[in-house]
Amino acid sequence: MKRLVYSLLAVATLLAASPAQVLSQTFVATQAVHEVKCRSFLGIYDQCVTIETDRLHSTFTRNRLGYYLFGRTWASASHCTRVDPAEQKCAQSVFVSTDPEWNRVTWGQSANNFLRVLGTGGTVAEGPWHFLGPLGADISRREGEWHVAFVADSRNNRIVVLALGYSCRCARWLGTLDGAESGTPLRNPHDVAWDHVDTWSLADDRVFIADTENDRVVVYQVNLNPVAGTMTKAYLGTFGSRGQGPNQFSGPQGLTVRSFSTVFQVPWGTVTLLSTHVYVSDTDNHRVAMWTYETDNTATPAAQSAPIAGAEFVGITHDYYGDVVVADRARDVLMKFEHYNGEATLAPLKTYGATPSWSTGNFNHPTDAAVIPHHWQDSTGHLIHEALPYVQTVEQWTAATGGQLHHLGVDADELAATPGQCDATLTFLLTAYGDYTVRVVNYGTATVVASWAGTGVGSGRKSEYWNASGSPAGLYTWFVDHRNAYGDETQWRTSPGPSFNLNCFTVTASVPDYVSASGTYALSGSSNQPADSWTWERDGSPWSSGQNSSVYIPDDPGATYTINWRLSARRTSDGLWDSDTRSTYVSIPSPPPPPPPECPPYCDEGPLPSAGTTRVLAQEATPTRRNHHLGSGAWIGERSANGIEVVQLYSFVGQHERRGATWPNPLASDGDLLEEPDRAKMGARAAFAHRSLAPGLDAYRIRVGTRRSPGSERYIGLALDPELGARPSDDLLGIDAESGLIWVADPESGAIGYLVPEVPLGARVAVRQFSTRKDAWRPDPVTDSAAYAEISAGGDALTGKPGDVRLLVAIGPLPSGTRSAEVGLVMLTAPSLAALRERVAGAPRSVLNLFATDTTPLAGTPAITRFRLTQAPPDPTASEGVQVVSPALIPALSAPSDSAGSGNGDRSTLRDAVRRYGITALAFTVPDTAQANVRIRLYDPSGRLVRTLVEDTYGGGAYRVQWDLKDQRGRRVAPGVYVAIMEAQGFRAMSRLVVLP
Amino acid sequence: MRRLRTLGLALVGACSAAAAAPAQRTESNFPLEPLHAWPVALGGAGVALRGAEFSLINPAALAGTHGAELSHRASPIGAREYAISVAVGGHWGTIHMAARRRDWGEIAADLGLSDLTVGEQSLSLAYAGRAIHNRLGFGVSFARLDANYLDARTATWAMDAGVQGVVGRGFSLGLALLHAGRGFSGDSGPAPLPARLRPGVAWQGKVRSLRVATALDLPVRSALDAPPDVHAGLEVGGTWGPAKAAVRTGYRSLVNRDAGGSRQGAWALGGGLNVRRIAVDIAYTFGVVFGDERFVSLSIRW
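Protein sequence lines, in the order shown, are assigned to chains Y and S. When you line the first sequence up against the numbering used here, it's residues 2 to 998, in that order. When you line the second sequence up against the numbering used here, it's residues 148 to 449, in that order.
Chain Y with its partners taken away, still in its complex shape (with noise of 0.2 Å):
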């Protein structure tokens, strides 16, 4: 008992917890992970910023289902695996994030509607899989089917190592890093950076730590194996002390690192350098330092910022260019930093957000940053990875419009042509913003020969260049024709420019742009005039000689490469040289791909928690779906001065196992009273129908009666237990954003979904997951706001099975009046997840929808403005009384009457209901903004008054009354037409109901 108190407390907490308000966008695990902030200017550019903070909470969210997975979330790392060509923009990434709070890490991948749990809390002594306060993390590129996760496992002063199956969806703990090969082992560490260093493999990474409290920076190489589930590490050492100078830090809490390679060409060919820059987040000294971090592993410092007073720096990220983008906690703001190459400085550059705030531009206690990487396809439509940093692009423009010259046109002194043998440079001075137009003239012929325009271009020195291959011989001249955009200075100005001679003495060369199988082809030379002393290259060496040659392409699957060739010759008049460039891109395509990995019968594998844990909750749970219950019970909350109290609760454990498979199960007549501590004070009560459809799919219907409170806000709140048995540690979670379904799933159980179709009217549905730590039911600081308020709870864990998963949903606040509200539940369970999807998706919606409901969302429900009465369709589980309902459940409110039951299987499904049941239930409405004393009688045809039916107040909203076919005496009536009268603030209507014999 006293667990199921603390169980619906935590309900109520969940209310405490639900969204401010209800975001229309589909839930993608993406958009949890990165708050994205844009603005457009003139639809030219984007500016973006992502933060990851704990808003997280705020953007889990749908239509009517509020997901809340996360106690608080420190940081997130992600690798874009799917890039929008047309977009230009990630489609789909794999992201890690970390929960101090409840001490876990949560993986997802978004697009796929993927999410899942990882660990939960615990010491180094308890084994892997238990986290305890993790803070950074960061994410590998993907490598085949795995990513590779680091995390900062803060109070147990590691880095736990994580491989993440992309498609196999299976975690493996590769290891943990504890620097303790330094002689210090790490202590608090507060993020850790992933380095690819160049080679772009797991073999050799490098891995960054911000050692916090050791006030230094550790420094690992490893090798990755995710396939086999192992890892080697070797320790590099550590840069930094404590300390205010330059090479010092003061408890580090961020780091990023920035490994890029420049590419030298030299006379013997090219030299590529490979620099590392180390970016920290010098938390206590309030600054950002960077750091170059050599190939032999020593670490320079290279630049600070000044210290900001009050500043607390902790999360860091950089982008392409290298400015750096830091979360900065204290001031509840985000700083941007850039670094010019030689310069000692990191120089503020921009400052995001103010105050504290959820509101979109400013930022609320952030603890980590990231950019958006952005992507876009070259000409040959290979994808280009960068990140471009969209806040400086946009300041650069702004600077650019910061000052117009006024000048008049083009400098005719500046005009300067620069010919070679055989094409010409023409450069000449623009003054001023305006238009111009590059002639150049064949001076024997006085015919424009080539010409190049510009409209609308800033003032400055401008360059045209002119290939002149396959002009002939002899004298050019050229003209600039310019005006100026300004004022009355637009009249057409020409000014002449030097004239010049040409000689064009051309070589072409002739060679496969593309090739794709293996064979011999063909390289040839052509020259505008005679010429010897034919040479090919190849890549800079020497490959052939003759006009014409050839090249073979050897059969290598899979390979890509690009020859250059370069053909020179001499003109036989002269002796002048002349040569052409092409290139040849070799690609074999390889053989089809092997299949992925198939997943291992138990996927996670690896070292797994320590003997006690999992593997002895495995045996003991029993791995079978029939352990899945409607879960401890639900409970009323109404809002009141001091808060959200729960006044009545209900336990529904195994109520539903003493029931038969029957149906229909009317309430009234067979429905289970619950537990009621206090019936004739709080007026209520409790009772469920269970419809068991087929095996593994069940129909719930849950009614719970309260008191009439009009002025109260009121919610119910159902705890649901999916007990799959196996792994309670880190099973499967997620929401289906098609069907709604609220799934979890065991890689050796199988998975339950639930779905929710039928809420009262203007009641919004949250689901949250819990942990059973009893720390877990902080109210979310995003929800302050809304009209929830908290409940404290405490005491002792409610099961003492760390991690196990359960689902809270909270459902309110119900209309004002409400005596009764039902909750259709439906619970689905199937082998896999993927199963379980085919089921939902294959359900006929007769099925899924059990109880006559309609699946609107509330969102298209329409406003009510009048009285009305009407027939509502049969609803065999229902019992006698007056039950909120949505409008769209009640045809003759939802509809035209003549096209009320929409679809033909629908009126068909209606048509053998009312054949069977009859016409036994009315539906009234109160307009929404009223709240008035409805009256409903029943008369015979003779006009004889059968039974009072409904006389109480009600708030605005659609109701749905059932007779129990019983007179005002109790006896049942005699089949036939009974006339229902409803009377409301002057409104009078009449129906009719059918009695069957």
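Honestly, the hints are just simulated from the structure, not real lab data. Hints may contain errors.
[Claimed, not checked] To spell it out: a stretch of chain Y is covered by chain S in this simulated footprint if at least three of its residues, at any positions, have a beta carbon under 8 Å from a beta carbon of chain S; those stretches are:
(1) 420–430
(2) 911–923
(3) 940–947
As the structure is a computational prediction, the values presented were derived from the model and not from experiment. Ideal Cβ placement from N, Cα and C applies to all residues, glycine included.
Please build the complex by placing chain S on the supplied structure of chain Y, with the hints as guidance.
Then chain S, alone, in the frame of chain Y:
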């Protein structure tokens, strides 16, 4: 006397059957009340009045009648009722046949189901005669009651029996047992018919040149557990050449099925015009709950 004895036995048997009917369900609402505009205008009273128009109140009223009636009722609750009856007689008595239907139209229109209807119909055969020097009339009627509720059909038999006698000075008395039978059966148990033992008194005479008739049907609390409704009416008429005309008014009480058995009443107003063999009657009832109802009847006598 033999026929009277037979009728008496029938009355006793019917009363016993009705009294023994189970009371777990309320009485059926099958349309058994008079439909002709004449008795309706008198508040449904007429157990002691003669004429085919009163045959549904007391089959003894049929004694000596010849003719046919066609009646219609329009109700604000969406029901339409029709009735047609024919009576032929001779020295051996009167045979009366009647058919009646109440149609509820598109009863499930709110649900968008226009093809589901409710209809209640009956077909009756009555015999009436006179005895004791024509001072006592008696009659008995058997009716087949059939109902169709949203394609769910149910049927039963009902019997009416009654006597009427003239006691002098314009007074007449009547006693009728109405709607005796087993009731409609159903999945939830039988629904009894609204059996009634209804006595009545009427006075007919002249006040100056006007014909005056009054009728009062008294309530009887019996083991039948039937609400003791009261029916009373007054008619004033005259003759002007071949035409006879009358105006009528009546009152009917209703006992509700609430716990206290509260009452409500409905006034009625109507009139009739009779030219030779043809008569037209109209009636309006002013119901408190449903509002006005309109009745019209056409009668032919031969």
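Status of the hints after comparison with the structure:
Given a C-beta distance limit of less than 8 Å, the hint that chain S covers the segment 420–430 of chain Y is violated, as 0 residues qualify and 3 are needed. Here the segment 911–923 of chain Y counts 6 residues with a CB under 8 Å from a CB of chain S, which clears the bar of 3, and the coverage holds. Counting residues of the segment 940–947 of chain Y whose CB falls under 8 Å from any CB of chain S gives 8; the rule of at least 3 is met.
Comparing the model with each numbered hint stated earlier shows that hint 1 is the single one that does not hold.
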